[in-house]
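Following the hints, position chain S against chain W.
Chains W and S supply the protein sequences, listed in that same order.
Per this note's numbering, residue 1 is the first one in the first sequence, and the count goes up by one each step.
Per this note's numbering, residue 1 is the first one in the second sequence, and the count goes up by one each step.
No lab work stands behind these hints, which were simulated from the structure alone.
We put the CB at the ideal spot given by N, CA and C, even for glycine.
Among the clues, some could well be false.
[Said to hold, decoys possible] Which residues of chain S face chain W? A few of them, derived with a C-beta cut under 7 Å, are: (1) Leu54; (2) Pro78; (3) Phe83; (4) Ser85; (5) His91; (6) Thr93; (7) Phe100; (8) Gly101; (9) Met104; (10) Lys106.
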Amino acid sequence: MTMLDDRPSEEATPDLEKKAERAESWRGFFTALPTYLFLVLFFVLPLVIILIFSFAERSRTGKPVLGEWTLEWWMKLGDPLVRTVTWRSIWLAFLNTLFSLLIGYPFAYWIATRKRAMTRNFLLVLVLIPFWSNFLVRTYAWRTLLDSNGLITKVGEATGLWGKMLFTEPAVFLGLLYGYLPFMVLPLYAAIEHLDWNLVEAARDLYAGAWKAFRKVTLPLSKPGIIAGSILVFIPSLGAYVTPDLLGGAKTTLLGNYIVTQFKSGRNWPFGATLSVTILAIMMVATVIYFRKGGRTL
Amino acid sequence: MTAAVNIQGVTKRFGTDVTAVDSVTLDIVDGEFFSLLGPSGCGKTTMLRMVAGLEFPTEGSIKVFGEEMALRPPNKRPINTVFQSYALFPHMTVQQNVAFGLEMRKVEKGEIAKRVAQAIETVHLKGMESRKPTQLSGGQQQRVALARALVNRPKVLLLDEPLGALDLKLRQAMQIELKDIQAEVGITFVYVTHDQEEALTMSDRIGVMDEGRLLQVGTPEEIYERPVNRFVADFIGETNFIEGTVVEPGAVKIADGVVVHARGEAAAGTDVTLTLRPEKIAIHERDCPTLDPERNRVDGTVTRQLYFGEALYYEIEIPGGALIDARLENIPSLKRWAVGEDVTISFHRNAAEALTS
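Just chain W, same shape as in the assembly (with noise of 0.2 Å):
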């Protein structure tokens, strides 16, 4: 007992209570702080650069002349070229996200409700295995496939209903699709599995037939699961750049590939910079109209 006695007191005041707080979110900070360190090393610090040689004259090697400003890269972005290649990458990126929701929901809904938790994770596990192998090597096979002597060319030719697609826009579409559809499959799959199954039945139950009970009920339900899935899947689109590589041709350059084209045989990283700017921007834009549109209409 006199040990005790002998210690300062811990009745609490509201000085030592702020004290506590205090001492409290300093052990949070210091958590946290080597994932701090890396943000700002790598993520921060880097935009930061990239924001500033966006200002930056050019040498004559390509790189950015600090000290020497200008706003002529931000002015290129209105040349007719950067927005073709701009309103391209959009477009693809938004088609890309629609047809993976068109594909992945159905898919999404029918693994989700299967009764046996064996059958939904062997499902799940076949919608992940593409990811056990490189995502380059992938797209290489697509290259084939699509190709003159390819299976798909040559499916497409015996019906008439199609011919070569490699080095086109169709063929890069293709290849975006296959490459985020899982991206659009997960999120989806967790918000229909948690979906609680009384509220149907209960539609059901008050005169709504099975598509009205799925229409008013499962997917106003199931839209974190869409905006989340969608999201995931436009944003890499956007920025894609392998996959236009590997099977687009120079008509079909998206905004990745452009960028890449800046730093290297085009000689302009400042432009290259601004691009980059340009795409953040682009994504940040386009997520925030959907979480706001997302949260009233769907």
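Relative to the frame of chain W, chain S by itself:
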């Protein structure tokens, strides 16, 4: 009398080895408050879901006011359900929840507004129309679920343990309110519960279920006073079981030299179980001279006393070794008994029921 719901030989099997409901035959009368009572897993909820159309029977017929419904989808039945978890649509307001059924049936807009307002008023939720379910208390959610079903004016309303999630005080208040609402709207209520007290106080009739079978159907009084078997006697209220043998119809020997009168038609020589409710037993001092000779009397010894506030329970060992609980109201003049004291218990000739199964 019309049967609101006519259930004929209904069986529900899940897979090959699970029989959830086993050849149930039952008539539910128009306008009555009918309860399906039983322990969890007894098949009462499956039975209710089959009436709702959320589950289809493996065999049998379910008619609602004479019309066959057994395999009809739920949206085509004149029946609505109040779900155990309420199942309110979380993305809709109270107003939208209540209007859902009418909108699905394409009722005219003005009519919807009128009926929704009326239903919300019936369940005392005026002013809450634009709230979301998450902004309501459990009791309020329960009322929304009720309004959402009643607004459609179903021919039969099904309620699946609707008060299970509420605390005791609120549950008791809602029991009274549910009864009042039922009297007001005059709709047949089919109520599923595992709470025997709830079933006794609310129902016009009760059907007791166990292991998929319907064991007994009757008024609360019939079920409580004249249970048909040991399960019903045990499940409804508290009771004592005493093993015995019938010596002549209406007289049962429970130990050497101890014969008591009991109801039941079992023939002489049959082994029976007597069920005797604790509150029907009186305790007297041994050889009490004023004891009514018409009453059954058994000598015993007090082995335990339990204080319950409104009542006291005495456990008494009787010849043959059975331990009998007697419940005595805690009235001011109550005579207390000491553990170890020799006493005589008495009960009315009609108090005990002789069960053969």
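Next on the checklist: For the restraint on S/Thr93, tell me whether the closest CB of chain W is nearer than 7 Å.
Outcome noted: Status violated, d = 13 Å.
Item to check | Per-residue hint verdict: S/Ser85, partner chain W, C-beta under 7 Å | outcome: Holds - the Cβ of S/Ser85 comes within 7 Å of chain W, reaching about 6 Å at its closest.
Checklist entry - With a cut-off of 7 Å, does the beta carbon of S/Phe100 approach a beta carbon of chain W closely enough for the hint to hold? => result Status holds, d = 5 Å.
Checklist entry - Do the numbers back the hint for S/Met104, that is, is its least Cβ distance to chain W under 7 Å? => result Hint on S/Met104: holds, closest Cβ of chain W at ~4 Å, below 7 Å.
Checklist entry - For the hint on S/His91, does the least C-beta distance to chain W fall short of 7 Å? => result holds, 5 Å
Item to check | Cut-off 7 Å, beta-carbon criterion: hint that S/Gly101 touches chain W | outcome: holds, 4 Å
Checklist entry - Measuring from the C-beta of S/Phe83 to each C-beta in chain W, is the shortest one below 7 Å? => result holds, 6 Å
Next on the checklist: Holds or violated: the hint that S/Lys106 contacts chain W, with Cβ atoms closer than 7 Å.
Outcome noted: This hint is violated: S/Lys106 lies away from chain W, its Cβ roughly 9 Å from the closest one there, beyond 7 Å.
Next on the checklist: Let's test the interface hint: is any C-beta of chain W closer than 7 Å to that of S/Leu54?
Outcome noted: holds, 5 Å
Item to check | Restraint outcome when S/Pro78 is required to lie within 7 Å of chain W by C-beta distance | outcome: Result: violated, 10 Å to nearest chain W Cβ.
In the structure shown, a violation is registered for the earlier hints numbered 2, 6 and 10, in ascending order.
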